[in-house]
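Please model the entire structure based on the sequences and the hints provided.
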Amino acid sequence: METLIVILVGILISIGTYLILSKQFLRIVLGTSIVGHAVNLLLITSGGLKTGSAPLLGEKTAGFTDAIPQALILTAIVINFAVTALVLVLCYRAYQNFGTDDMEQLRGSEHE
Numbered sequence: 096m097e098t099l100i101v102i103l104v105g106i107l108i109s110i111g112t113y114l115i116l117s118k119q120f121l122r123i124v125l126g127t128s129i130v131g132h133a134v135n136l137l138l139i140t141s142g143g144l145k146t147g148s149a150p151l152l153g154e155k156t157a158g159f160t161d162a163i164p165q166a167l168i169l170t171a172i173v174i175n176f177a178v179t180a181l182v183l184v185l186c187y188r189a190y191q192n193f194g195t196d197d198m199e200q201l202r203g204s205e206h207e
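Just add 95 to the spot in the sequence shown (first one is 1) and you have our numbering.
No lab work stands behind these hints, which were simulated from the structure alone.
Since the structure is predicted, the reported quantities are computational estimates derived from the model, not experimental observations.
It cannot be assumed that every hint is accurate.
Stated by the list, open to error - Label-pair distances were calculated between CB atoms; the ranges are:
# : residue 1 : residue 2 : range
1 : Thr160    : Gly203    : 27 to 37 Å
2 : Ile106    : Asp161    : 47 to 57 Å
3 : Arg188    : Ile106    : 25 to 35 Å
4 : Ile100    : Asn192    : 35 to 45 Å
Where is the CB? At the ideal position from N, CA and C, for every residue including glycine.
Structure follows, in structure tokens:
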């Protein structure tokens with residue numbers, strides 16, 4: 096199962112890289128979001144599947160599962176969502192002001 100998820104992460108990274116290298120601003124934003132989610136999948140997969148009980152102080156069990164990787168991934172998902180929303184708003188404002196989302200036209204000409 097972990098091999099399948101690692102292959103999926105590779106596909107998502109390649110799709111994200113393709114989108115980041117395009118000229119449209121919206122595709123660049125979506126590409127960075129896809130790469131962020133692929134990295135989250137990779138981190139949760141590298142943590143592995145742990146078996147055990149919840150880490151409660153009152154229970155006497157031999158093995159506990161670590162909740163830190165899941166908490167970090169959840170935090171990363173929320174941050175990725177907030178950053179993507181902010182950059183999408185900036186993309187929309189740039190399109191309203193300049194009338195294009197092409198990065199070559201947004202950079203301007205060197206001769207001006």
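Hints, verified against the model:
A hinted range of 27 to 37 Å for the beta carbons of Thr160 and Gly203 is inconsistent with their spacing of about 53 Å. Taking 47 to 57 Å as the suggested C-beta distance range, the pair Ile106 and Asp161 does not conform, at roughly 28 Å. As the Cβ distance of Arg188 to Ile106 is approximately 32 Å, the hint placing it in 25 to 35 Å holds. Distance hint check: the CB atoms of Ile100 and Asn192 are about 41 Å apart, consistent with the given range 35 to 45 Å.
Going down the numbered hints, you'll see the structure goes against 1 and 2, while the others check out.
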